Amino acid sequence: MAEENLEKNSEQKNPNSNFTGFFLLLVLIASFFLLIGVWYWWQKTTRTINERRFEPVFVSTTTVLPSLSPITERETSDDQTTEIEKDLNELNLPSLDQEFKEIDQDLNSL
Amino acid sequence: MKKRVVIFSIVSLILATSCFALPTSSPSGLKGMLERVRQRSTVFQREFEQNRGEIKKIIEQNQVELRNRIKNKREELKSKIEQLRERLKNQLRERIKNEVKEKIVDRVYQRINELNERMTNRYLNVLEKLEKILERIESRTAKAKLNNLDVSKVEEAINEAKVAIFKAKEAVKNQAEKIYQPPEITDDKTLKIKIGNLRQQLHNDLKSVESLVKQAREAVRKALVLLAQLNRVDEFEVPEITPTPQPTS
Numbered sequence: 390m391a392e393e394n395l396e397k398n399s400e401q402k403n404p405n406s407n408f409t410g411f412f413l414l415l416v417l418i419a420s421f422f423l424l425i426g427v428w429y430w431w432q433k434t435t436r437t438i439n440e441r442r443f444e445p446v447f448v449s450t451t452t453v454l455p456s457l458s459p460i461t462e463r464e465t466s467d468d469q470t471t472e473i474e475k476d477l478n479e480l481n482l483p484s485l486d487q488e489f490k491e492i493d494q495d496l497n498s499l
Numbered sequence: 139m140k141k142r143v144v145i146f147s148i149v150s151l152i153l154a155t156s157c158f159a160l161p162t163s164s165p166s167g168l169k170g171m172l173e174r175v176r177q178r179s180t181v182f183q184r185e186f187e188q189n190r191g192e193i194k195k196i197i198e199q200n201q202v203e204l205r206n207r208i209k210n211k212r213e214e215l216k217s218k219i220e221q222l223r224e225r226l227k228n229q230l231r232e233r234i235k236n237e238v239k240e241k242i243v244d245r246v247y248q249r250i251n252e253l254n255e256r257m258t259n260r261y262l263n264v265l266e267k268l269e270k271i272l273e274r275i276e277s278r279t280a281k282a283k284l285n286n287l288d289v290s291k292v293e294e295a296i297n298e299a300k301v302a303i304f305k306a307k308e309a310v311k312n313q314a315e316k317i318y319q320p321p322e323i324t325d326d327k328t329l330k331i332k333i334g335n336l337r338q339q340l341h342n343d344l345k346s347v348e349s350l351v352k353q354a355r356e357a358v359r360k361a362l363v364l365l366a367q368l369n370r371v372d373e374f375e376v377p378e379i380t381p382t383p384q385p386t387s
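Quick mapping for you: the protein sequence lines, in order, are chains L and C. Using my numbering, read the first sequence as starting at 390 and increasing by one per residue. Using my numbering, read the second sequence as starting at 139 and increasing by one per residue.
Incorrect hints may appear among the rest.
[As the list claims (entries may be wrong)] BS3-like cross-link-like pairs, simulated, lysine-lysine; straight-line CA separation at most 30 Å:
#1 C:K241 to C:K194
#2 C:K267 to L:K475
#3 C:K194 to L:K475
#4 C:K241 to L:K475
#5 L:K490 to C:K169
#6 C:K267 to C:K305
[To be verified] Covered stretches of chain C (chain L as the covering partner; in silico rule of three or more C-beta atoms under 8 Å from a C-beta of chain L):
#7 262 to 268
#8 284 to 295
Bear in mind the hints are in silico, worked out from the structure with no lab data behind them. These numbers come from a predicted model, not from an experiment. By construction, the Cβ of each residue, glycine as well, lies at the ideal position given by its N, Cα and C atoms.
Turn these sequences into a full structure, and let the hints steer you where they fit.
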């Protein structure tokens, strides 16, 4: 009689234990994704900080002398559009077919 | 209770996945002159030049880092390529038995690997020059912006060019780290076709990298054309004290 009661009790508890298991599994999965997310965000943030380690800080306006030297003027001349255009036009890509010439000659002699 | 669990799980998942989608300022993570100018209401010429110098330094440093990474990877691959070459030589010795053809196939395989290295180096050279040219375009654009010119279209083109250069660099890096597996040599009849296929594979790969490099060059050219269309853009310099740049719509 006592055994029967125990069996009945355990049967009644089963749905609850299933639900607790489901709940734990869901919490575990969610925590896992959350941890991965935090880790990924952390990696991204530290990488950005590393990449910007040489980022200059603008010197305070009070400490900077606004006087212009002829040297700085000369330094800025490389950003004239005519100069840039000239350099861009000189930027040619190598001919791929020309580069394959030797290989093709060898292949033809096979 | 069950409802709460489900809601909690969904919220956690959304939080976690949102971390993966954090925005970045530019593909390389480098803050250009326009971004720096945007944060300031006044800029002195000396500060401007100082910042340009720093940006140039970062660009050069990133370029050296990428070159070293590729160089190290290629050093690692050299022994693997040598192993594959030895395997090919053995197959040729066993199955072709023609010394002249053996030498030609071996030479072609060697040239394929050398050509890949040479071409990726050249593409990288072009992209490095494009990056420097784009920095100059950005500098001129920042000067125009500090003089209250509407440079929104140029800014957009500069950002597109940055993305194009970044994509092309990634492609060059992947191509430089590629190993071309020699084909399985079975007989004399199929030898030429098989080696020809390997040659074609390299050609196709380099063609697609070349296409990305060309796209990057065109993107830089577009930014330059839009910049040159601004009225008397070359005459502007950084004023001693500049007014606050007007927000672009």
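Tested hints:
For the proposed pair K241 (chain C) and K194 (chain C), the alpha carbon gap of about 47 Å is over 30 Å, so the pair is violated. Annotation: proposed proximity of K267 (chain C) to K475 (chain L) holds, straight-line Cα distance about 13 Å (limit 30 Å). Proximity of K194 (chain C) to K475 (chain L) is assessed by CA-CA distance (about 20 Å); at most 30 Å being required, the pair is judged to hold. At most 30 Å may separate the alpha-carbon atoms for a hinted pair to count; K241 (chain C) and K475 (chain L) exceed this at roughly 46 Å.
Between K490 (chain L) and K169 (chain C), the direct Cα distance comes to roughly 43 Å. Violation of the 30 Å bound is thereby established for this hinted pair. At roughly 15 Å between alpha-carbon atoms, K267 (chain C) and K305 (chain C) fall within 30 Å of each other, so this suggested pair holds. Judged by the Cβ-Cβ criterion of 8 Å, the segment 262 to 268 of chain C is covered by chain L as claimed, because 3 of its residues qualify and three suffice. Coverage of the segment 284 to 295 of chain C by chain L is violated in this model, with 0 residues showing a Cβ closer than 8 Å to a Cβ of that chain against a need of three.
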